[in-house]
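Chains A and B, in that order, are what the protein sequence lines are.
Under numbering that gives the first Met the number 0, the first residue of the first sequence carries the number 0, and numbering increases by one thereafter.
Under numbering that gives the first Met the number 0, the first residue of the second sequence carries the number 0, and numbering increases by one thereafter.
Calculated from the structure, these hints are not laboratory results.
Be aware that a few hints might be false.
Claimed, not checked - Here are some, though not all, of the chain A residues that point toward chain B, as calculated from beta-carbon distances under 10 Å:
#1 Gly93
#2 Phe150
#3 Tyr151
#4 Phe159
#5 Asp160
#6 Glu162
#7 Gly168
#8 Arg214
#9 Gly215
Glycine included, each C-beta is placed from N, C-alpha and C at the ideal position.
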Amino acid sequence: MEFADFFRYEFIYRALVAGSFIALLCSTLGVFLVLRRLSLIGDGLAHVAFGSVALGLLLKQHPIYISLPIVMLSSLGILRLMERARLHGDAAIGIVSSVGIAGGILLASIAGGLNVDLFSYLFGNILAVSREETYLSIALSLIVLSFIFFFYNDLFSTTFDEEFAKTSGIKTKRINSLCILLTAVTIVLTIKVVGIMLTSSLLILPAVTALQFARGFKNTMVIASTVAILSVISGVITSFIINLPTGATIVIMNFLLFLTAFAYKTVVTKHAVTSDR
Amino acid sequence: MSVEIISVNSLSLRYNSLEVLSNLSFTITAGDFIGLVGPNGSGKTTLIKTILGLLTPVEGSISLFGLSPQDFKEWHRIGYLPQKFTFFNPFFPATVREVIASGLLSMKGFPKRIKKSDGLAVERLIHLMEIEEIKDKLIGELSGGQQQRVLVARALINEPDLLILDEPSAALDPEVREKFFHFLQKLNQDKRTTIMLITHDIGGIGQYASKLLYLDRKIIFYGSFEEFCTSQDMGSYFGEFSQHLICHRHV
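With the hints as constraints, model all of the structure from the sequences given.
Laid out in structure tokens, this is it:
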């Protein structure tokens, strides 16, 4: 396909708009999750989503209605396991994730095997985003970003030093629950649109890219959002020009931006060490 | 009449079956400077966490400015320096200014916003703690001593009535430590800030604190440093030679 064709297709616009809003949403939440060492929560909850979508299909209900409450409850389960069983985030995510995927396989087996619907809910296609899904992405982004705007300092303080945050009168349990529930809702609604792989990579890679060179917390969030949107736009354009799978191309673009930031940091650090000598 | 700041009554706390604090009762009044001392594992940190409502006792009660920690709302009246500062994520991307400003959140309603006008308070603390040259650095880029000064600045930013410091001098070199203790003494004398400070340096803190609270799961001693040095009970507890060594710095 010619690059001139690029702007003739509505699906491209939808992919760019929905993708950019999802990128903004995931990268902003991702900064908090990565700093809390909950980076893999995207994958973990996606596995739960797999189980719950299988249940939805078995019960012949719209999977979102089944998935949303189950994934939200599972996200709170991860939080409670961390608090009460004194587990680190990775272990708590691992437990919930493996139960989720095992449950999904059992339910899919009862339903007569894995079918196309189940896969479409897990591996969504950014180029197949409908108009409704585009609106959903925009609305979800605005809702989640509003929460982050209003609770920004509570989230910052709780993420940096939870004990001190408690003695500042911040209801840290509520803030932790809020953060994890927003993540759960984001994961359920975005994996249908862009798939597990892209959702998970947009939660982790922009945040770790920003952490290579950001100066300050707000600065980190701005850089992470910019990196995420840039990777979606460049990924959609590149995949269109050289005819590659779009989701995977966006992930690779994300990774290339991370490598660039990492190389920059390495050079700057070496230069600083040399200057100090 | 002296105002009660902290009142602890028959307080006990257990981790599983292990009794960490046993039947503690004491009162701290406005203007006290308490040196909380004791061996490792004696329950010092557990005690201040319980006072702050971070842990729940199995028996007894605590009153913080006349209220239980659960009912207490005026958190800006308390400045707290946690012990675990060395354990926060070293890659956390917050600048020194952002960390100090987060101390102001206890003063804020909903939504908690740090305004441009709050910058003055942050600058005042940066100047007070003599950390001008690092104010735009990331917290993870600083040495342990510099991080400690930043977190002390965060604890002081609201000019609290009560300052609770868990081993604030652990990462400071001896010269800075002396200066820091002098600063706390001045704060205590000039502004009547009540201070509760955990340290292992019983002799050192004795020079500055008005009272010592020696804890070893239960209260071994609570009184002035002079009383500590002349107490026969403490002479028997520590051995007279050790008591003399501890008190020698003060004489």
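For this session: Check each numbered hint against the structure and report the violated ones by number, ascending.
Result: 1
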